[in-house]
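> Could you put together the complete structure from these sequences and hints?
All residue numbers for the sequence shown refer to our numbering, where the first residue is 67 and numbers rise by one.
One thing to keep in mind: the hints can contain errors.
The calculated lysine to any residue pairs, modelled on SDA-like cross-linking and capped at a C-alpha distance of 20 Å, are [as the list claims (entries may be wrong)]:
no.	residue 1	residue 2
1	LYS392	PRO542
2	LYS343	ALA287
3	LYS224	ASP345
4	LYS443	GLN569
5	LYS452	LEU478
6	LYS596	ARG491
7	LYS392	THR423
8	LYS224	PRO293
9	LYS108	LEU162
10	LYS323	LEU273
11	LYS392	GLU406
12	LYS451	GLU481
13	LYS248	HIS600
14	LYS467	SER594
15	LYS452	ARG131
16	LYS256	SER235
17	LYS323	SER278
18	LYS248	THR474
19	LYS254	PRO236
20	LYS254	LEU551
21	LYS224	THR313
22	LYS254	GLY279
23	LYS429	ARG388
24	LYS239	ILE251
25	LYS392	LYS404
26	LYS108	ARG154
27	LYS343	ASN332
28	LYS207	ARG320
29	LYS239	PHE229
30	LYS596	THR382
31	LYS443	LYS487
Ranges of calculated distance between the beta carbons of each label pair, as one might list FRET restraints [what the hints assert, rightly or not]:
no.	residue 1	residue 2	range
32	GLN222	LEU356	17 to 23 Å
33	GLU308	GLY250	27 to 33 Å
34	GLN222	LYS254	27 to 33 Å
35	THR579	GLN475	33 to 39 Å
36	LEU375	PRO175	26 to 32 Å
37	VAL385	ARG165	51 to 57 Å
Hints listed in this document are in silico derivations from the structure and should not be mistaken for laboratory results.
C-beta: ideal position from N, C-alpha, C; glycine also.
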Amino acid sequence: MSDFDAELHRRCSRTLRDNDRPVVAMTRSIDLSVREQETVRKLLVRFLPNTEAWVYGSRVRWTSRPESDLDMVVFTTPEQASAVSNLREAFDESDLTFRVDLFVWDNVPQEFRREIVREHIVFSNGCKHDESTKSWLYNPKFPVHWERIPLYDMAQWKNGLAFRDIEFSPTGKPVIKIAEIKGGISGKTKFTHNVFDESVRVSPGDLLFSWSGQPETSIDAFWWRGPEGWLNQHVFRVTPVENLDTTFFFYLLRHLKPNFIAIARNKQTTGLGHVTKRDLERIEAAAPPLVEQRAITLILGALDDRIELNRCINETLEVMARAIFKDWFVDFGPTRAKAEGRDPYLPQELWKLFPDTLDNENKPMGWRVVSLTELAKVNPESWSKKNAPHEVEYVDLASTKWGAIEATQRFLWEEAPSRAKRILRPGDTIVGLVRPANGSYSFVSSAGLTGSTGFAVLRPRHSRYTPLVLLSATAPENIERLAILADGAAYPAVRPEVVGATQIVVPDDAVATRFSELVSPIINQMESNKRNNHMLAQSRDLLLPRLFSGELRVPGAECPAAEAT
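Here it is in structure tokens:
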């Protein structure tokens with residue numbers, strides 16, 4: 067028995083009287099006075115003794131106002147429905163100056179559970195933890211006709227190796243860690259020429275499960291889409307058993323992500339949490355007959371296939387845009403070809419715009435070396451108390467990766483994070499200042515967004531400079547430069563002025579205009595594909611919990627009528 071389970075058993079083995087103080091498990095504080103916390107605690111003990119209660123929302127984030135609601139979820143059984151109703155009335159009739167929004171966990175839609183799990187604080191542990199919270203964590207609901215199987219028994223789980231520094235080399239096969247799984251091969255990837263057991267060899271298309279790390283951002287299931295390599299520790303290579311479709315199992319793991327996050331958070335220390343082999347053995351998962359597995363996979367896979375196609379198209383479009391930028395403004399290809407007497411490789415109307423010779427600085431004659439600040443303003447607009455909107459749609463560094471804003475969050479201004487200050491407008495480029503090597507940069511194509519002060523916001527001084535600003539600020543060489551400067555500091559960050567100081571060789575207005583006319587449609591198509599992918603992902607994430615709970619049935623799957631248990 068683990069220390070956690072032993073302590074839980076000790077607490078639950080005694081009988082609690084109504085006036086007993088339940089175990090309060092708040093490791094972080096919430097925005098309530100001592101008197102308000104005591105009022106809430108006493109009412110919980112009176113109406114729902116021995117019941118787990120979580121709080122979340124603005125009073126956990128410390129972004130609340132005095133009248134803001136207290137958001138609370140309780141883990142109750144159906145037999146406690148009347149007690150829940152009575153507790154709601156008691157909260158309404160109490161002397162609390164704010165409303166308590168009380169929810170029952172089983173009634174919370176699956177898509178909202180992830181957010182609650184991510185930010186909650188356990189207000190009261192209660193002995194019902196084992197019967198309700200743990201019931202959800204280790205015995206999630208599935209349709210009754212699905213066969214119940216311990217998750218661990220549904221696959222082979224092979225953990226990676228703990229590599230030593232002496233095994234690394236500049237070339238060879240990559241060592242695949244969570245960083246490579248999420249961000250691909252990068253300048254920080256380790257390589258080795260050593261040969262290891264075949265069980266830790268990773269090939270394209272393998273299913274991987276990261277079981278250790280920051281719960282909300284690291285613990286998840288992934289397809290490996292990079293080159294062949296060797297698996298690092300803290301990641302399982304997962305091979306489902308014979309009667310399970312591999313893609314179905316991937317979606318099953320994705321469906322269980324809220325459970326994994328909550329389990330890992332229960333064990334979290336110094337920011338890290340774990341989902342162990344023992345946890346996988348305890349989780350009672352389920353699977354339908356193979357025909358229904360494949361029907362579910364067909365629906366969800368069609369959406370993911372379209373997302374992947376758009377991603378690949380964008381990858382190709384980005385390569386095209388960066389190749390043109392590099393040829394014109396880094397290698398000076400047209401001017402070099404002219405100077406060497408080579409044949410034109412661009413249309414004549416473009417070719418004639420380029421200078422015929424290079425100057426003594428080896429750049430096209432008449433072109434200038436300037437800082438980005440000559441082409442763009444840095445952090446031109448910010449919110450303050452005087453001009454603050456009613457609400458903001460917030461973009462932070464964590465949700466901005468390698469050219470894409472993956473998610474936004476809406477906040478009332480009074481409840482928004484203190485860093486939600488930068489006004490973003492279509493055409494801006496944002497570059498993360500903290501740990502630049504993480505690739506927190508993107509083009510802004512949507513109106514109404516607010517960025518973190520952790521970004522440098524670059525707003526072109528003229529629309530013809532928009533592609534130049536984007537491609538120079540986010541060029542791999544520039545991101546590497548910023549990362550080196552950040553790594554050399556006590557705090558791994560650079561100032562906005564450092565981003566603004568990025569050097570670029572700027573042409574005359576005619577070349578800049580034609581470059582914009584050529585590349586802007588490419589950028590616009592990429593942004594359209596990103597928006598399309600966002601909508602496809604929303605549809606997939608809406609369907610996923612409904613298909614796995616039995617709320618939605620797959621047409622044509624010949625199975626008995628299903629109800630969740």
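> Evaluate each hint against the coordinates.
Verification of the supplied hints:
no., hint, in the structure
1, LYS392 - PRO542, "11 Å, holds"
2, LYS343 - ALA287, "15 Å, holds"
3, LYS224 - ASP345, "15 Å, holds"
4, LYS443 - GLN569, "14 Å, holds"
5, LYS452 - LEU478, "15 Å, holds"
6, LYS596 - ARG491, "17 Å, holds"
7, LYS392 - THR423, "18 Å, holds"
8, LYS224 - PRO293, "19 Å, holds"
9, LYS108 - LEU162, "12 Å, holds"
10, LYS323 - LEU273, "15 Å, holds"
11, LYS392 - GLU406, "19 Å, holds"
12, LYS451 - GLU481, "13 Å, holds"
13, LYS248 - HIS600, "18 Å, holds"
14, LYS467 - SER594, "17 Å, holds"
15, LYS452 - ARG131, "18 Å, holds"
16, LYS256 - SER235, "7 Å, holds"
17, LYS323 - SER278, "13 Å, holds"
18, LYS248 - THR474, "19 Å, holds"
19, LYS254 - PRO236, "11 Å, holds"
20, LYS254 - LEU551, "15 Å, holds"
21, LYS224 - THR313, "18 Å, holds"
22, LYS254 - GLY279, "18 Å, holds"
23, LYS429 - ARG388, "19 Å, holds"
24, LYS239 - ILE251, "11 Å, holds"
25, LYS392 - LYS404, "17 Å, holds"
26, LYS108 - ARG154, "13 Å, holds"
27, LYS343 - ASN332, "15 Å, holds"
28, LYS207 - ARG320, "15 Å, holds"
29, LYS239 - PHE229, "13 Å, holds"
30, LYS596 - THR382, "14 Å, holds"
31, LYS443 - LYS487, "16 Å, holds"
32, GLN222 - LEU356: 17 to 23 Å, "18 Å, holds"
33, GLU308 - GLY250: 27 to 33 Å, "32 Å, holds"
34, GLN222 - LYS254: 27 to 33 Å, "30 Å, holds"
35, THR579 - GLN475: 33 to 39 Å, "37 Å, holds"
36, LEU375 - PRO175: 26 to 32 Å, "29 Å, holds"
37, VAL385 - ARG165: 51 to 57 Å, "53 Å, holds"
The earlier numbered hints are all upheld by this structure, with none contradicted.
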